[in-house]
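Trainee: Please put together the full structure from these sequences, using the hints given.
Protein chains in written order, with this note's numbering: chain A, 63 to 552; chain B, 63 to 552.
Check before you lean on any hint, since a few could be wrong.
Copies of the same chain look alike in the list, so a pair counts if it fits in one copy or across any two.
Stated by the list, open to error - Each computed DSS-like pair below joins lysine-lysine, with the alpha-carbon atoms no more than 30 Å apart:
(1) K344 with K226
(2) K226 with K278
(3) K263 with K226
(4) K263 with K545
Please keep in mind that the hints were generated in silico from the structure rather than gathered at the bench.
2 protein chains.
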Amino acid sequence: MSDNSEFRPEARSPHGFQDRRARDLAGERAILEAVSAVYERYGFEHLDTPAFEYADALGKFLPDSDRPNEGVFALQDSDEQWMALRYDLTAPLARFAAQNWETLPKPFRRYAFGTVWRNEKPGPGRFREFIQCDADTVGSDRPEADAEIVAMAAEGLRAAGISKGSAVLKINSRKLLNGLLAQARIDDPAQRLSVLRAADKLDRLGQQGVRDLLGKGRLDESGAFTPGAMIPAGAIDSVLAFLAAGGGDRASVLAALSPVVGGSEEGNQGLEDLARIDAALKGMGVSEADARFDPAVVRGLEYYTGAVYEAELIAPGDARVSLGSVGGGGRYDDLVARFTGTPVPATGFSFGVSRLAAAMAQFDWLKAGLATARGPVVVIVFDQALMGEYFAVAQELRDAGIAAEVYLGPSGMKAQMKYADRRRSPAAVIIGGDEAANGTATIKDLDLGRELASAVTDNAAWREGRPGQQTVARAELVAAVRKIVDGGAA
Amino acid sequence: MSDNSEFRPEARSPHGFQDRRARDLAGERAILEAVSAVYERYGFEHLDTPAFEYADALGKFLPDSDRPNEGVFALQDSDEQWMALRYDLTAPLARFAAQNWETLPKPFRRYAFGTVWRNEKPGPGRFREFIQCDADTVGSDRPEADAEIVAMAAEGLRAAGISKGSAVLKINSRKLLNGLLAQARIDDPAQRLSVLRAADKLDRLGQQGVRDLLGKGRLDESGAFTPGAMIPAGAIDSVLAFLAAGGGDRASVLAALSPVVGGSEEGNQGLEDLARIDAALKGMGVSEADARFDPAVVRGLEYYTGAVYEAELIAPGDARVSLGSVGGGGRYDDLVARFTGTPVPATGFSFGVSRLAAAMAQFDWLKAGLATARGPVVVIVFDQALMGEYFAVAQELRDAGIAAEVYLGPSGMKAQMKYADRRRSPAAVIIGGDEAANGTATIKDLDLGRELASAVTDNAAWREGRPGQQTVARAELVAAVRKIVDGGAA
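Mentor: Dropping the structure here:
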């Protein structure tokens, strides 16, 4: 490619980007396939938008900014316009919906999956490129649209392989807290935002920490001081009562919230929205265990305007141990308006596919997927004159649905067994002159014999009897290999 | 998101990038799934590398170039290093293989699929972002590795849905032409490249055009002159005889080529390589119709060093009409050496997924995939009091594997029918007060009744008897809908 034969670039990937091998990818693919199928059953249409958007369309950046690459990967096109790689799948959806609104079926239900990029400082486990999988309904203000998104998320987690009881959707509405604050006559937007931020820290700081942040402020252990929201003592009590109102079934949470937020118009709206979400969830058979109302769910993004939801994984065997969020979403009304000036109600959910895949690998929720990370059956090249027979054997195995290959490196039994070991192959097939003459084949069960493989030093040693090695009639080869492969995958 | 409420960006995607809807994506996904499964059966491991590589690692560009963005999308990272979006999947594989060579199973067999980007001038049907799907074997110099790649490509096309006889793999070896030129004592690299380029134009210019380009040059109809390779008349005859030696079965092509190129060492090597490829293809059961030897296959890229292959689609019903290339590849030895200095033999194939998907849609090779582009069954909202029942109906349908949704826009029968029409829904379910009281449901077959849907003006007209409309017992609902959906997909 390059004519500069003196220059040898260092082989390395850019900071914050990772190569992923089969075992890392199997979980992710299984999730995307399972979740896509659920989205399609709910009538959501697959949409793919480009990796690039114009920077002004992405919305985070002012178009006249000199170098709009804070947080995103941006570059100037040949016509000087700034383009940036998408940082999520929602901003491109808003652009697409605004661009095609006249001709789209409305409400527009779309799902999408793909890579998003963040130009942030990488760290351990923090990458600048990852996969999201989203579903959004654009153009419906019905709370039932939120209920459907929640039901899909719950069903998607189940379809991906999460065992029953190991995931919960937690639902809240921004209108409830807004109503509570309206009742307490706290109207300043900055003050409201401080309340929201304080509430978001309940998990981490506990009741007293949040109480401090709602009031005069909080001094942490390092001596750093965070200024408080400075709301009145009565309002602080109401907010804390509100945050603590979760726990029971959906109807009882609504009953508990009613006296706290029911006095304001927005609070009443929030209660009615949640009641309608509850009814729709019941219609769709979503259990109380799968979807709960939890007033302590905040979610950071300021743009949410109604229901918000969060998918949380729970440690198998201990319902008290949260494994953290693997997705979330909510209702937002302003994204399309950025383009058209007309607010369009929308609601959606995004799976954090990489986090979910990591959790699924950790808890063995993905047997089928991980089986594909096993290597193929290796047909050993023992005698160059038999290459045609080796290829025929490999093809027979493949035609029976068993991954198989003829070893194509330089010959030598040791190299071939080392190869099969690195590939985590379940079995090797050996056909030498004797087998060819007798109409037989020797099969080595590598899981059984793996611990001995590294001790093999020459062909003669190899041909001695070894555990897991059997000689079968050539016609029985596929059946015998299948027995080993099926046993190993279970 | 933005605080600048005055500014309204225009909703448009960047030049040369496209949004793709479900019907565009169904074919592509079916191809990727089918081809991936074939690759895995052949023992190839899934690998995913980042979208970005350092510009020097991509190899097209000198690292000291001032602005290395010719042909690629490049930007400077925060540490001033130039990164670029990958323009194919081979250059990142070379970087990965060089970086991990010590610990990889060797030969390393990997497949990959994903987006690649080219910063080129867009045009009709020419995009700056598209999907590739590759398989490569790195670290084997055996011609059998090439045979395997060809067998996988043929099987992949079949698995993706191409009907038998509608695709052919055409195989050649660079060594043959090189041998022929060596015999004619044409050693100048520039002259050899001119011969290669002339040979590549046989399809377009015919025998005489290539003869001119091999000799003194060619004046085209517009009056433009292309200088010729200036090789001797005898060598021109040999090259033309070589290019015309295709046509019969693989053994007879080899027999025809033997006198033309067999006198040189490299020509003999090429003949032996192709003979071994033929034997391995036979072992794998790849028919003469699926894989041919064709000396006229050149493929542009200079870096190929041995076998080259091209997948060509053929018009159904007329074997003489080529629909063009949908993929290709070959053997290359220098990509890993760019990093390590040590040549590593490699061979691979890349599917042009978008072109293949377009051809498959055109020839209806994708019934299963296109069925997913149908909309969901729409449960009509006729009575707000029955919302719970509507969600239960939709869930019953989904649990039976039928895509279904409750309409969630503003009510009104006309809007709902228009929606179902835009979604290309097969059926609508209507449950009003009467049906609810009687324990029945009304089902509308929308394919049958679609032409009348636009004439519906009010609810009363709708409720009159119409073609394709039936009322069934509520317990029979799912079975009746399935009958319509299955009929429509067939």
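Trainee: Now, for every hint given, state plainly whether the structure supports it.
Mentor: Verification of the hints:
1. K344 with K226: Cα proximity of K344 and K226: one copy only (18 Å, versus 50 Å across).
2. K226 with K278: neither (43 Å within a copy, 77 Å between copies)
3. K263 with K226: within (28 Å within a copy, 62 Å between copies)
4. K263 with K545: neither (54 Å within a copy, 53 Å between copies)
Hint compliance for this structure: hints 2, 4 are broken, all remaining hints hold.
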